[in-house]
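Trainee: Add chain G to chain F, keeping to what the hints say.
As a plain string of letters, each chain reads:
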Amino acid sequence: MKLLRRFFRRLLVATTGRHDEARMREELEAHLEMQTAENIRAGRSPEEARRQAVLAFGPIEAIKGSYRDQQGLAIVDDFVQDVRYAWRQLRKSPLFTFTAVTSLAMGIGANAAVFIVVERLLLRPLPVSNPHELVYVTDDRILTQPSPRFSYPFYAVLRETRTLNGLAARFALGVNVAVNDQIVRANGELVSGNYFDVIGAGTSAGRSLSPLDDTAPGAHPVAVISERFWRRVFAADRALVGRSVRLNEHDFTIVGVAAEGFSGISAGNPTDIWIPLAMQRELGRGLLTEARTNWLEILGRLRPGTDRHQAADAINRELQQRASGPSPPSPTRLLVLLPGHRGSSPMGEERRTALMALFALAGFALVLACVNIASLAAVRSAAREKEMAIRLAIGAYRSRLTRQLLTEGLVLAALGGVIGSLIASPLARALVSAQSITIDLDSSLGLPVVLFVFLLSVLAGIAVALLPILSSRRIGPLRRRRFRRVTAQDVVVSLQIAMALSMLIGASLLVQSVRTLRSVDPGFRADNLLIARLDPKAAGYDSNRINRFWNAVLEELTQIPGARSVSLAGTVPLAPTRQRQPWVNPASGEKLEIDTNYVGPAYFQTLGIPLVGGREFTKDDRRESRMVLIVNEHLARTFWPGQDPIGKGIRLPDSGKPIAEVAGVVRDVKYRDLRDEAGPMFYRPVLQTHSSDAMTVHLRASGDPYALVNALRLAIQRIDRNVPLFQITTLEEQLDTSFAQTRQAAMLSGAFGVIALLLSGIGIYGVTALAVRRRTRDIGIRMALGARRGDIARAIGARGIAIIAIGLSLGVLGAFGFTELTATLMQGGKALDARTFVSMTALLAFVSLLAFAIPVRAATRLDALAAIRHE
Amino acid sequence: MRRKKDVQQGSLALMVLKTLDVLGPQHGYGLAKRIEQISGDVLSVNQGTLYPLLLKLEQDGAITSQWGPSDNNRRARFYRVTAAGRRQLQAERRSWEETMALVGRFFEVKAEDVP
Numbered sequence: 001m002k003l004l005r006r007f008f009r010r011l012l013v014a015t016t017g018r019h020d021e022a023r024m025r026e027e028l029e030a031h032l033e034m035q036t037a038e039n040i041r042a043g044r045s046p047e048e049a050r051r052q053a054v055l056a057f058g059p060i061e062a063i064k065g066s067y068r069d070q071q072g073l074a075i076v077d078d079f080v081q082d083v084r085y086a087w088r089q090l091r092k093s094p095l096f097t098f099t100a101v102t103s104l105a106m107g108i109g110a111n112a113a114v115f116i117v118v119e120r121l122l123l124r125p126l127p128v129s130n131p132h133e134l135v136y137v138t139d140d141r142i143l144t145q146p147s148p149r150f151s152y153p154f155y156a157v158l159r160e161t162r163t164l165n166g167l168a169a170r171f172a173l174g175v176n177v178a179v180n181d182q183i184v185r186a187n188g189e190l191v192s193g194n195y196f197d198v199i200g201a202g203t204s205a206g207r208s209l210s211p212l213d214d215t216a217p218g219a220h221p222v223a224v225i226s227e228r229f230w231r232r233v234f235a236a237d238r239a240l241v242g243r244s245v246r247l248n249e250h251d252f253t254i255v256g257v258a259a260e261g262f263s264g265i266s267a268g269n270p271t272d273i274w275i276p277l278a279m280q281r282e283l284g285r286g287l288l289t290e291a292r293t294n295w296l297e298i299l300g301r302l303r304p305g306t307d308r309h310q311a312a313d314a315i316n317r318e319l320q321q322r323a324s325g326p327s328p329p330s331p332t333r334l335l336v337l338l339p340g341h342r343g344s345s346p347m348g349e350e351r352r353t354a355l356m357a358l359f360a361l362a363g364f365a366l367v368l369a370c371v372n373i374a375s376l377a378a379v380r381s382a383a384r385e386k387e388m389a390i391r392l393a394i395g396a397y398r399s400r401l402t403r404q405l406l407t408e409g410l411v412l413a414a415l416g417g418v419i420g421s422l423i424a425s426p427l428a429r430a431l432v433s434a435q436s437i438t439i440d441l442d443s444s445l446g447l448p449v450v451l452f453v454f455l456l457s458v459l460a461g462i463a464v465a466l467l468p469i470l471s472s473r474r475i476g477p478l479r480r481r482r483f484r485r486v487t488a489q490d491v492v493v494s495l496q497i498a499m500a501l502s503m504l505i506g507a508s509l510l511v512q513s514v515r516t517l518r519s520v521d522p523g524f525r526a527d528n529l530l531i532a533r534l535d536p537k538a539a540g541y542d543s544n545r546i547n548r549f550w551n552a553v554l555e556e557l558t559q560i561p562g563a564r565s566v567s568l569a570g571t572v573p574l575a576p577t578r579q580r581q582p583w584v585n586p587a588s589g590e591k592l593e594i595d596t597n598y599v600g601p602a603y604f605q606t607l608g609i610p611l612v613g614g615r616e617f618t619k620d621d622r623r624e625s626r627m628v629l630i631v632n633e634h635l636a637r638t639f640w641p642g643q644d645p646i647g648k649g650i651r652l653p654d655s656g657k658p659i660a661e662v663a664g665v666v667r668d669v670k671y672r673d674l675r676d677e678a679g680p681m682f683y684r685p686v687l688q689t690h691s692s693d694a695m696t697v698h699l700r701a702s703g704d705p706y707a708l709v710n711a712l713r714l715a716i717q718r719i720d721r722n723v724p725l726f727q728i729t730t731l732e733e734q735l736d737t738s739f740a741q742t743r744q745a746a747m748l749s750g751a752f753g754v755i756a757l758l759l760s761g762i763g764i765y766g767v768t769a770l771a772v773r774r775r776t777r778d779i780g781i782r783m784a785l786g787a788r789r790g791d792i793a794r795a796i797g798a799r800g801i802a803i804i805a806i807g808l809s810l811g812v813l814g815a816f817g818f819t820e821l822t823a824t825l826m827q828g829g830k831a832l833d834a835r836t837f838v839s840m841t842a843l844l845a846f847v848s849l850l851a852f853a854i855p856v857r858a859a860t861r862l863d864a865l866a867a868i869r870h871e
Numbered sequence: 001m002r003r004k005k006d007v008q009q010g011s012l013a014l015m016v017l018k019t020l021d022v023l024g025p026q027h028g029y030g031l032a033k034r035i036e037q038i039s040g041d042v043l044s045v046n047q048g049t050l051y052p053l054l055l056k057l058e059q060d061g062a063i064t065s066q067w068g069p070s071d072n073n074r075r076a077r078f079y080r081v082t083a084a085g086r087r088q089l090q091a092e093r094r095s096w097e098e099t100m101a102l103v104g105r106f107f108e109v110k111a112e113d114v115p
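Protein chains in written order, with my numbering: chain F, 1 to 871; chain G, 1 to 115.
Okay, chain G solo, but in the shape it has when bound:
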């Protein structure tokens, strides 16, 4: 059985921001679905844990929310990324890429490369 990986809070927040940035306003359920789809089921999220995170991001000013009609005409809370959220996303992304590049170089290193 293939074990699913736990998602760390920090990376989940990044995924939320990125998803909202790319796909536009989403409600909580939609977000959960998209993240599952994009991650290709590799990441398992207890869907519910998304909500405290959304609240936190909203308090930080990275996203805003308002009520709106969902597909089946229910009232749902729609989240949208703010300018501040975009800046945060970019900053995080740069730092992520730098980390990746760094870690990547280490993996590339072979024994004979070290003088």
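Just chain F, with the same shape it has in the complex:
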């Protein structure tokens, strides 16, 4: 109780800084005066009286100090004092401070950025009630496919099972929303009526969707929008709920706004608008009765307290019993329930490991930054030995010095942490943009990120201060420094060289892999090619009108001045989405999923893909004319080995299985990944399909492709203002994003590598210069006794050479580990290029030897007499 009261009273003083100095001074002065007066009465002279009074009083400054300590909380006061002192010290050496803060900020920022992405995409559970009860329903196809989907009839059967507490289905699609005469492209989601109930998401206004909205096809044109979308597009209009909004070509009533923070189950890909599955036809799909089209993702909610494996077994048993039902699920399928509390993240396994590798890289960079600063600080603290010794001599406690050094480290780390967290958000956005998927990530700092940065900064601060503290322990006011075989500083400098070398080798390997990748021939010409996506289905085009539309588009775009060649395609090379169709190999009868691209006339000419034989598609390849297709060389080899494929017939994977004739063969193109070999590929004419799905227009410009954007917009508007044009970019940029991740990793490790290179130079210089200074007298004596310069250099140099040699060899070893770490980031394969190893080792050896040679040379030029007298 008493302690508590004292504590609070002191805390008040310590925090408000309201030390009652006046009271102390007046009281002490009064005391001295009374004593002096008494001494005078006792017959002393005034001066002597005062002197005696002061003597009797005791060490006045120390008493004042303990009086002040008594007033405030000593530890808080000391801390404040330490911080002030540290700040002054750091301001005195701005270069050191700048270097340290910058590298810490980079290290902490990079880690925080990766952490933001990891936390958002991989760790954070969905903002719904009891997210851990959610399961993601898939089946044994998960072994071979990233996320197998299901047909609506299958979902209808599955929904009748009683094991789970509800099963919801979803399908993501782009939707055009008409807002004040403008068309906004939104991320839509067709969902079953029980979606919100099953997921456990509420609304912030209006109501959510209910099973009643999802009964009869086309009967309930209602939609719920996300809070984000409501703010972004509708300016948080309170009167929106209940109003009608045009989606694609149909009017829907907005019945609610989803709860804040809930934006669907796909963390990186937020949903803007939810529409009942029963309205799928109005949004251009016709899949409710299609038993063979697998398009739906299914999520379920476990009954409280049940286990997902048991639940999966129970569902499979139930399905088995129903297998005689109207639309039996395929008996070979075994449902698998995966944890669904994080929803379905668009991060594939490959990206996940890439992200983890990036995390490891950032962690390595931060450790390196700490090592760098520690070694710099150690050099600096060596220069401050005298200051420390004086402070010890005038009575500072050793623990106080330690605290002082620790505070300096923490102040540096705090500065680094603040700047680091400032750059973390933009860095995270850059990271995400390199993931080559459309992720609309909320990259603001949250509490976990702030905690992470705080923790990291504290650790970094301690790490930075550790070495100076260790070396300060050996300082004494009267103690001479003993000669030690190996000091902590030697170890750190070795470590620094090693890490710098691994980082440099790793970085140059990454840079090389980007360069190799750039030089890979993708099979098409990416330069000057503008691409943009058009979605006629969203504007209400159906199978009957679509060809007229595409013809008009081709017609109009060809008129654009500066457009040398124009075409259409369903998929773009190296874009994340591909289309595959089930084809039957005529040679073996085997059924294969093969990449299939719907392309317009003059596609191969526009992309610069060489025709090997036959002809290109033309405007005359229409539905009425003979079905044709074009294959690539790989496919020709697989399907018709040793034969001329031109003129061969093959069954199309469409309903009715019509036969199409191979009209041409083209050179292989890398659609998937520049690293891989191009796979087999079918090209089918756009104008022979009945689909009105979105297509990408390709325009080859004679100059800057972006100069054509306006003309392109105007041309499309002339045809139909309701068809939205989106994802406008160039093929070159598309190509760039496909290795942006490797480039980022290369930049990150390169930047840290170069900083490490410079700093390890400084480290070696510092260690050696210090050794020379300490041994100046020793050197002088040796010289006086006739040692030659070479002897001196050897005597001092042996140590430095050993440090460098150990560092370099550890570095080479580390580089192997480092490349292992970043292997997933390296496209173009993991290349342990010997030349890189040798040249980087040579570079680092050169820099370290240079840094080492300067003080050694200075030592050999010492004047023997002056050196002996040196103290």
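The hints are simulated quantities; they were obtained by calculation from the structure and are not laboratory data. Everything numeric in this text was worked out from a predicted model, so none of it was measured. All C-beta atoms in this analysis are idealised placements derived from N, C-alpha and C, irrespective of residue type, glycine included. Just to be clear, a hint being listed does not mean it is correct.
As the list claims (entries may be wrong) - Which residues of chain G face chain F? A partial, calculated answer using Cβ under 7 Å:
1) ASN46
2) GLY48
3) TYR51
4) PRO52
5) ALA76
Mentor: Frame of chain F, contents of chain G only:
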């Protein structure tokens, strides 16, 4: 030369409390003098060390202080023991007496007393 004994903080606090209790409100200088007198110069105190101690006792609530005129009409800080201070003094005194009695018995013990 007779060496003066160092005064331990704890016993100094007790002396302060006792002095204030017996003599009533005192300023710092007065207290220092009284303690010197009572201890008969056996105990040497750096007079100044009294002040941090007074502050501590005040924070503990054992004494209170206020400004008042000193004998030579200077402003001085006068300290007075509080009820809590008296209770503390009594408690300390009891424990002191018990300790003394205990230690005393040990000094009284002679070898033949131990069975």
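Trainee: Are the hints correct? Go through all of them and say.
Mentor: The hints, checked one at a time:
Given hint, G/ASN46 at the interface with chain F, holds; its Cβ is 3 Å from that chain's nearest Cβ, closer than 7 Å. Residue-level restraint check for G/GLY48 holds (minimum Cβ-Cβ distance to chain F is 4 Å; threshold 7 Å). The beta carbon of G/TYR51 comes within 6 Å of a beta carbon in chain F, closer than 7 Å, and the hint placing it at the interface holds. Satisfaction of the interface hint for G/PRO52 is found here, the shortest Cβ-Cβ separation to chain F being roughly 5 Å, below the 7 Å cut-off.
Because the smallest distance between the Cβ of G/ALA76 and any Cβ of chain F comes to about 5 Å, under 7 Å, the interface hint for this residue holds.
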